[in-house]
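**Student:** Sequence lines, in order, name chains A and B.
Residue numbering for the first sequence follows my numbering, beginning at 1 and increasing consecutively.
Residue numbering for the second sequence follows my numbering, beginning at 1001 and increasing consecutively.
Just so you know, the hints here were simulated from the structure itself, not pulled from any lab data.
Accuracy of the hints is not assured; some may be wrong.
To be verified - Quick list of in silico lysine-lysine cross-link-like pairs, PhoX-like style, CA-CA up to 25 angstroms:
(1) B:Lys1062 with A:Lys62
(2) B:Lys1062 with A:Lys82
(3) A:Lys172 with A:Lys82
(4) A:Lys82 with A:Lys143
(5) A:Lys177 with A:Lys143
(6) A:Lys192 with A:Lys143
Note that the structure is a prediction, hence the values are computed from the model and not measured.
Residue-level listing of the chains:
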Amino acid sequence: MVQNERAAVLIPVQEKAGLGMTALDDFTPLVRSHQQRIYRVLLGMLRDPDAAETLTQECFLKAYQRRASFRGEASVGVWLLKIAVNLARDHRRSRLREFWHRLSSPFEDVADLGQRLPDPHASQERVLLGREEVAAVWSAVEKLSPRQRAIFILRFVEEMSLEEIAEVTSLKVGTVKTHLFRAVRAVRQRLKGGGAGE
Amino acid sequence: MNNHLSEDQIIEWMLGTRDDFVSRHLETCRTCSVAAEELRSAISCFRDSIHATAQRDNSFWKEQQLAFRERVSDWYPLHWAWVVAMVMVLITAVFLTRTPNPPQNKATEDADKALLQEVQADLAREVPKALAPAVLIAEERSEILTNKEQTRTTLGKGEK
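Looking at chain B on its own, in the form it has when it is part of the complex (with noise of 0.2 angstroms):
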């Protein structure tokens, strides 16, 4: 039979977690009032062995300050050397990228002249240019059409 506190509660016991039964037990008990002391102790003691070393002169942290200034004061120029160099190269990639540009926008906008000059002409036209071709033909029979009646006529005032 196993009357003592377990692993569990003793932790929750080192964390602060009261808890009225294991207080009682702990009074009581021998064994666990040991090993719940045991691991208090054991934490105390590299508690207190990280402070003990952490305990250094004036002269310790005095540096320690004058080091912090010096490495500010290292990195202010570095600061703004590394903004300004970010900005050079910011402006060095605008100037880049936008370098090439007009002259494509130029021919582009010379292509859309054209095709809008080429359509006000198609609009402007009496006749559809697909139908040109039949405009031609009906122009040249008319012409002969006229030059045979001017030859008929002429013929006709000779003989009379």
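In isolation and in its complexed conformation, chain A is listed as follows (with noise of 0.2 angstroms):
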């Protein structure tokens, strides 16, 4: 599977009849196989279902685009992150964009991914407890920098080692643990802040 994903990436454009469609064929399976992930950690980086759906089609349009620059280093999940990772950076580095946002949806709040607990059989009690501590984190995580917060998610969210975090950053394993120690600590104190406070 990974080898075929890799051979996915790797053939080059110019060995494909058509230059195009047939690479196209062989790229589709790639995006099937990584879409919930890319989704998932840039829904945790945005805290925007729609601007997590657009980046998502804009993270494998890039791969696809730079597939030639692939060497095949890391793995091909590895530089999809990466590639996301670096999309919703810079989404978030707009201000004016994000202004907008707020403006055109504000109900848009930290209580409404809350809501979305999984366990439907918890009690009323555990519920209420879980959507305040989850409203907690979601507000010390958007008070974050954009590095911290992707190692926040790639870590606890995707259970990814420091070793591989350290490979979709371009950082050092200690830099990693660095932020993350950071991470944790301002979560820490917000949790103990009494819950989300907006």
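Two chains, two separate frames, one set of hints: put the complex together.
**Tutor:** Take a look at the structure:
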């Protein structure tokens, strides 16, 4: 499976008949197998399902355009996550876009994503407590730098190792650990501070 | 006296660093184990909420794949149009920068030729250019002397 994925990326465009459409057919299974994870990471980084959807497409388009530059040093998954994290960072940098988005969808707030807790059988009290905790973590994650947020999401949502995160973020393992430590401390302080407060 | 784990120790435990002292303390100290469990549980709930939100039905993912294919199809003609446009710009730039050059080069070549001819003419002179007036004076003097000599000879013959 991994071999096939690598081949789909590594086969040069020139060797493909029709310059594009055949190569695209090879690339589609790659989209299928990675799109959920990419979407999830983007959702965690942006807290905006619409933006996550658009940037997931953008991520695969960028990967397709740049597939000639993929050397196969890292796994395809890591390569795609790298593109996704950079896209999310660029997206958040655009303050103006953020401003217009907030203006157009003012109800997309911490609580919206916190509502979706997976266990429907939990007690009412537990559900409420869980929502408060989720809201508090979201609130803390929102205030992290884009890099720290990416590292936090990759570690705790995608459960990636520090080494894999270091590959995605092009940082040293020690630096990743430092960022992660600060991010968790911010979350803990937020939790101690009494929930979301928003 | 504070015998509880520090915040850093709890965070390290959360990051997966396993220390015997911390593990033993968490087994016996209810305050610290509650604090550590609160942090773990909050992050776990956060993780579950993102996973639950990202759980979309099959049609959503199919639409994503179709949208990707459409964007690639849109990108190809645009990509080639861009490449062709860049090549045209380059060719135009090369033409624009080359056209005024030939007359300038010809003028320089002509000036070089003229200078070379002048130098060659100078070298071909018997007398350096600076001494040319002196040569003229010497020639004039020698002509006068010759004339005088001829006059004297003619007069001497007449007296005889």
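**Student:** Any of the earlier hints contradicted here, and which numbers?
**Tutor:** none
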